[in-house]
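Protein chains: 2
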Amino acid sequence: MRWVRCERNGNVFFGVVHGTEVEEVTGSAFAAHQMTGKRHPLAAVKLLAPVIPPTFYAAGLNYVEHIKSQAAGEGQAPKIPEKPDIGYRAVNALIGTDEPVVIPRDAGQRVHYEAELVVVIGKKAKHLSEAEALSCVFGYTIGNDVSERDWQKIDRTLWRAKNTDTWKPMGPWIETDVNLDALKTMVRVNGKTTIEFPTNHMLFSIQQYISAMSRYVTLYPGDVIWMGTEGASPNLKAGDLCEIEITGIGTLRNRFVAES
Amino acid sequence: MRWVRCERNGNVFFGVVHGTEVEEVTGSAFAAHQMTGKRHPLAAVKLLAPVIPPTFYAAGLNYVEHIKSQAAGEGQAPKIPEKPDIGYRAVNALIGTDEPVVIPRDAGQRVHYEAELVVVIGKKAKHLSEAEALSCVFGYTIGNDVSERDWQKIDRTLWRAKNTDTWKPMGPWIETDVNLDALKTMVRVNGKTTIEFPTNHMLFSIQQYISAMSRYVTLYPGDVIWMGTEGASPNLKAGDLCEIEITGIGTLRNRFVAES
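Chains as they are written, first to last, in this note's numbering: chain A, 1 to 260; chain B, 1 to 260.
Hints are computed from structural coordinates only; laboratory data are not their basis.
Here the structure is a predicted model, which is why all the values come from computation and not from measurement.
Hints may contain errors.
The list makes no distinction among identical chains, and a pair is therefore deemed to hold if it is satisfied within one copy or across any two copies.
[To be verified] Derived DSSO-like pairs: lysine-lysine, alpha-carbon spacing no greater than 30 angstroms straight-line:
1) K192 with K126
2) K124 with K192
3) K184 with K46
4) K38 with K184
5) K79 with K153
6) K68 with K153
7) K126 with K153
8) K153 with K83
Model the full structure from these sequences, guided by the hints.
Okay, here's the thing in structure tokens:
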């Protein structure tokens, strides 16, 4: 099942995709809700980030080649994480598919994409074992953890390097039926493939992250966990179109534009 | 004016404090709302964290003696921040005044309080100058940025060191009328004063933080900014009662208990 959050004529609603149509749902995908039978052409609605999470988790470094390329970019030896320590991003930065990513005037040259699988939590969860971990998952979507590498290096935190407004595209929808081991992530910039990788080749699995996290923190419906990215990115500039496809989920598509 | 978020008989509502009573308000303190005239004894309601923020910002290192004592605790030279880089905390950890802070079984000895002034945002804001910065502020409350120093040292992020469930007490209410320069922060553990400091003696002011942040991120109604703490904390253990008073705002009071 594919869940969207969308807007039409100023109304924001959740919906379920049926082919080229969206069936409107009353209430929240993450709480009591009802199918309405009212359908809209998918092309007639504006897709929003499919959820605004209470807590926005991000694994950060979770694929080996990305860790190595990032370290090399800073002239440092790679430090491979020894355990699944989760990080955070911020909801101010969320946008949906087909919305523009705005590059501030004073950003440096190294504005990069990071193509990520996003886990969406559906049930309140604490103290889950790895075997139980996926029982709290609602579905999966795609995230672009847009990053500015100079700010990432010189700032004390990741705040503007990762959380500048519009820098967290997420979507296009939440897919509930996914075979994790079959997923492949592909990125295209201006139509040309820049990287492909098996989505689930993570340093620490979704199960390991959820189990470790839920020892100390309660996960809530609508929370998202961005699972990290593989490889490197070319420098992106205003005008570039970045598409992230994960097979079985869909394609997240955003154009980069200059701050006006 | 003092705004509370509270619960009585299973109903959660915002309210305004009049002496020893709370007047119930319909809607949100941060959006359309209406006074109802319906009053409850303050002693009859359970005070909750006064807001669940869309984004939970935290300055982290923002007072010189705290930075020095933290560095000394780790046997390192202090690094004084050169600019206001904001960090993040997570809403799973929020509790109100008089709720227990639960220490997990495997926490180390160095569980510490951090007494913080909390800025609550009331208006959507972007690109504010320092002179304009306070125009987006709704009011002020108190936060206890409970921290476990071993996890803070060994983990790659601050996730469990700072965001373990119940480790972000906030309250008791939001005070809208505050003279920042007159505020004094006092901490008592089991009734004995452990530290006092002038609240506004920050490395970077509220105005500097808001202006710097709003260059890149939009602030939204209900967002909170925890402004950092001064000095050090004794090691806290199960049974300890920690009270943080900021003159002109109130007292945030939480007992530490062991995980059962």
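Against the structure, the hints:
no.	hint	result
1	K192 with K126	neither (42 angstroms within a copy, 35 angstroms between copies)
2	K124 with K192	neither (41 angstroms within a copy, 39 angstroms between copies)
3	K184 with K46	within (26 angstroms within a copy, 50 angstroms between copies)
4	K38 with K184	neither (34 angstroms within a copy, 58 angstroms between copies)
5	K79 with K153	both (15 angstroms within a copy, 16 angstroms between copies)
6	K68 with K153	both (16 angstroms within a copy, 23 angstroms between copies)
7	K126 with K153	between (34 angstroms within a copy, 24 angstroms between copies)
8	K153 with K83	both (23 angstroms within a copy, 14 angstroms between copies)
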